[in-house]
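K.L.:
This is what each chain is made of:
Number of protein chains: 2
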Amino acid sequence: MEALKIYPFKPSKAVTGGSNFDTERIFSVLPEEVKDKGLKIELPLLQKLPYILREGDEFYALLIREEKNFFLADIFKERPDKVLGLAIDIGSTTIAFYIYDFLKGELLKEYSIYNPQIEFGEDILTRLHFAKKPENLLKLQERTLSAINQEIEKVGFENVYYISLCGNTAMTHFILGLPVNYLIVEPYVAVARWFPLFKGEEVGLKINPRGRIFVFPLAGTYFGGDLIAGLYEAEIYKKGEISFYVDVGTNAEVVLGNKDFLLACAGAAGPALEGGIFECGLKAQPGAVESFWIDEKTLSLSYKTIGDERPLGFCGSAVIQLIADLFLHGWITPEGKFNLKKIGPLIEEINGERVLELISAEKTKQGYPIYIKEGEIKSFLRSKGAMFTILTLLCEKVGLTFEDVEKFYVAGSFGNHIDVRSAVILGMLPEEALFKTIGLGNSAGKGALKFLKRAEYEEIKEITERITYLELNVEGRFMELLTGALIIPHVNLELFPWVKKLLEEK
Amino acid sequence: MEALKIYPFKPSKAVTGGSNFDTERIFSVLPEEVKDKGLKIELPLLQKLPYILREGDEFYALLIREEKNFFLADIFKERPDKVLGLAIDIGSTTIAFYIYDFLKGELLKEYSIYNPQIEFGEDILTRLHFAKKPENLLKLQERTLSAINQEIEKVGFENVYYISLCGNTAMTHFILGLPVNYLIVEPYVAVARWFPLFKGEEVGLKINPRGRIFVFPLAGTYFGGDLIAGLYEAEIYKKGEISFYVDVGTNAEVVLGNKDFLLACAGAAGPALEGGIFECGLKAQPGAVESFWIDEKTLSLSYKTIGDERPLGFCGSAVIQLIADLFLHGWITPEGKFNLKKIGPLIEEINGERVLELISAEKTKQGYPIYIKEGEIKSFLRSKGAMFTILTLLCEKVGLTFEDVEKFYVAGSFGNHIDVRSAVILGMLPEEALFKTIGLGNSAGKGALKFLKRAEYEEIKEITERITYLELNVEGRFMELLTGALIIPHVNLELFPWVKKLLEEK
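Quick mapping for you: the protein sequence lines, in order, are chains A and B.
Sequential numbering of the first sequence, starting at 1, is according to the working numbering.
Sequential numbering of the second sequence, starting at 1, is according to the working numbering.
A few of these clues could be false.
With a straight-line cut-off of 25 Å between C-alpha atoms, the simulated PhoX-like cross-links for lysine-lysine are [said to hold, decoys possible]: (1) K206(B) / K48(B); (2) K40(A) / K461(B); (3) K342(B) / K365(B); (4) K373(B) / K461(A); (5) K40(B) / K68(A); (6) K35(A) / K48(B); (7) K206(B) / K199(A); (8) K48(B) / K139(A); (9) K40(A) / K341(B); (10) K104(A) / K82(A); (11) K48(A) / K199(B); (12) K133(A) / K48(B); (13) K68(B) / K40(A); (14) K68(A) / K35(B); (15) K40(A) / K48(B); (16) K378(B) / K206(A); (17) K48(A) / K68(B); (18) K132(A) / K77(B); (19) K199(A) / K500(B); (20) K199(A) / K48(B); (21) K77(B) / K461(A); (22) K13(B) / K132(A); (23) K77(A) / K48(B); (24) K341(B) / K378(B); (25) K48(A) / K337(B).
None of these hints come from the bench; they were simulated from the model.
None of the values given here were measured: they were computed from a predicted structure.
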């Protein structure tokens, strides 16, 4: 059942009697599925209703679902051309839009824009600190709303009757103008878990005045509506088989579970895995290197860029593969240090830091070399170690091993581009992930879109309420496990028998 | 459970962990009775919540009931002085106000103002026709809203968090700005039966922006929210014993029933019974005659006025008693004609109509005589006949006799002032009413007040849905029965054995 339904109807005839209501002339002929004795109509429509109903014989009713019941949001004299829903996933870097046609029941368009909040800070933490002042929070909110309103305007705001919106906890606070001051200091308190179904004007989004906005609830400070939407899309909470749901963004957010339990954990493993910490790291764009190949004989690297343009830098997806290959070829040690015996001539020092030149200055677009720092590799190993530790810890907590996990759902752009083989070689993912990984793409956005099509309030509630959150900061065990995971692939090589064999075969 | 509850609370301490919400720090400490996992808070309050909660240790939560659930409407740092509810009964002549203190749980004040709509027409029908033009409907609406807003302002609009409002179908349409154009022509269609719980701004009533307005639903074109509120007060729908609920206003509205059935009927019996059709009729006010006594020897009348002032006219309560006495003394015939043999000298002709002078010109305030017309008595007999017929018909429909009816609840000012003995002598009420009548006063207003204290949405729904409406216009049987009831007390004197005996004793 969609969040919004349209039905043609012929109002029943009013017969002289003491109990004649225009509203009931409509309700009485609506399909059983949306009937509700208390079916509501808002006052502005009631004030026009008697006139509208006497201007024809057949009409179209637009009903919007609000929790369990529908309300009659609008009436048309003719079949409307456009009744749209928008699913919006506000990411910290991009805002993804899904334009859904309720009349045709199909997705018309799917695209992203950059999140304009970037002008107030590249990363979320900068923006959060900026937003501590109420006037700055307002700026962030207004800038985001105006960017979204611009997109709504492109399809005609009067055509948009429903928005399904998700974002992480910070994004959700920003768009709703909720103070973040206590979100960023111990004990990290968010304002609210649930939100009522809003009208556009309440939030500041310019949609049809009869329309509604659903904002995905939050599961925790590090577990936003985007994760709830993603789980809703992946449906691991419905299945008998046990799965991991892994979302890598600003943080690495991981959920382990099935229909019986949902255990969640988040850690600061994100930016490194997405390429964000590398000086020569880039977002996917023309000129970004997407793969490197090591030429053992010439001690050099070849590469491929997006659009085959002159290289500008490398994107996140290239990093995991690169570091795994560096390790397999013995160019770096299991600790992530450059193997000077082997690649000494390739190592330079920049500002006192050892770097490996990947592409020389004369080949790049800007005329500067593209390199990776030893320190960056160390940071990366902390992130990959954190990821593996989170996965291990979640299994431990419920007394399972990786073998018991049937699927590894990997969400986000990371999920689309990750080279699982390299991730396993690095010990970021366990070997069980090799044949069990499913890339979900933008599962948060897809989950928001799914809500337009199904409006399963009860399921959203269920997911949100069922998640048990495992706090890393208070788990000494995390630090214990992390130490071993900082090595490639792991201190305990027995955990990675396939990688061990691979190394032995070298 | 009141429509609104206030609880002192100490927010639970936020503990470092992934799932900390300011909202849940409140919910977790609220009493079980208002707890709801999805307990909602509107955005403007959410946007201030984190600041408020850090300005103290103890707070007061104001919760408002919305159907089955509560929402958190407001938070106070100190125990508020005033949290008021208003019950408002919009009658066509007066608007009754009940000011209820939610903190003390007591009624502070109860009073009425004149309905300012009178400037657009004395009677409802005139106003309904006036309101056919949308700009006139707006005038009626605005005039009424502004009169009510003035009263709200007297107690401080910011103190008013809840309004429980009832009115007949026309009044409800006027105040909500709903078109009445199809209410006044066949087949007499009202706009809506149910109304959502409004915010003040939606309706145009100036209350606290966090507050709500409950508008009693309508049961039919002639059966408004005032009747639903009255039934809610009288509770006949809950009892095993069978009762009549009689409300005389513009129409006579009658409900027969108990916990198993509710049969309703309305007829144009009202104005005559309230004194509205009499040229010398007056509203209760100083100078209005409230009783007449017949002096048989001198063929004259003595009287008592309200405030013992010089007479201006007579009020509704005096009419029934007067006509009954005129009949008992043989001054009028059972058909309502002047008995010229007896009171010939008292009869005059004004504009070709026979009138009985009740008070001579020199005794009255304005210097004009106070009289009753023969035609007016005939009109009155049609009304009293209609009333008796409605009562008879309702009993007939369910196969009961008046003896099966345990109580006659009589609502409205009519109910307060009616002389049941006279009403029975005239054959307006059956003799069973003599010892079974209970005057309810303004049961509509009291019902609206009761809703502030109990907010029993389910009961209101139940009443509204359970009422079966008996349409008079389509009942040939009504005309059949009416004919016999136009006589005093009735063509069939056996129906009134006590009156018969009274006449024989004369």
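K.L.:
Next step is simple, just say for each hint if it's right about the structure.
P.N.:
Status of each hint after checking the structure:
1. K206(B) / K48(B): Holds. K206(B) to K48(B) sits at ~22 Å (cutoff 25 Å).
2. K40(A) / K461(B): 13 Å, holds
3. K342(B) / K365(B): Violated, because 29 Å separates the two Cα atoms, which is more than 25 Å.
4. K373(B) / K461(A): Violated: K373(B) and K461(A) sit about 71 Å apart, past 25 Å.
5. K40(B) / K68(A): Roughly 15 Å separates the two Cα atoms, so the pair holds.
6. K35(A) / K48(B): 38 Å, violated
7. K206(B) / K199(A): Holds - the C-alpha atoms of K199(A) and K206(B) are around 21 Å apart, at most 25 Å.
8. K48(B) / K139(A): 17 Å, holds
9. K40(A) / K341(B): 65 Å, violated
10. K104(A) / K82(A): 9 Å, holds
11. K48(A) / K199(B): 19 Å, holds
12. K133(A) / K48(B): With a Cα-Cα distance of about 13 Å, the restraint between K133(A) and K48(B) holds, given a limit of 25 Å.
13. K68(B) / K40(A): 15 Å, holds
14. K68(A) / K35(B): 19 Å, holds
15. K40(A) / K48(B): 30 Å, violated
16. K378(B) / K206(A): 63 Å, violated
17. K48(A) / K68(B): 29 Å, violated
18. K132(A) / K77(B): 23 Å, holds
19. K199(A) / K500(B): 68 Å, violated
20. K199(A) / K48(B): Answer holds: K199(A) to K48(B) is near 19 Å, not above 25 Å.
21. K77(B) / K461(A): 31 Å, violated
22. K13(B) / K132(A): 22 Å, holds
23. K77(A) / K48(B): 43 Å, violated
24. K341(B) / K378(B): Between K341(B) and K378(B) the Cα gap is close to 19 Å, so the pair holds against 25 Å.
25. K48(A) / K337(B): 50 Å, violated
The structure fails to meet hints 3, 4, 6, 9, 15, 16, 17, 19, 21, 23 and 25 from the earlier list, while all remaining hints are met.
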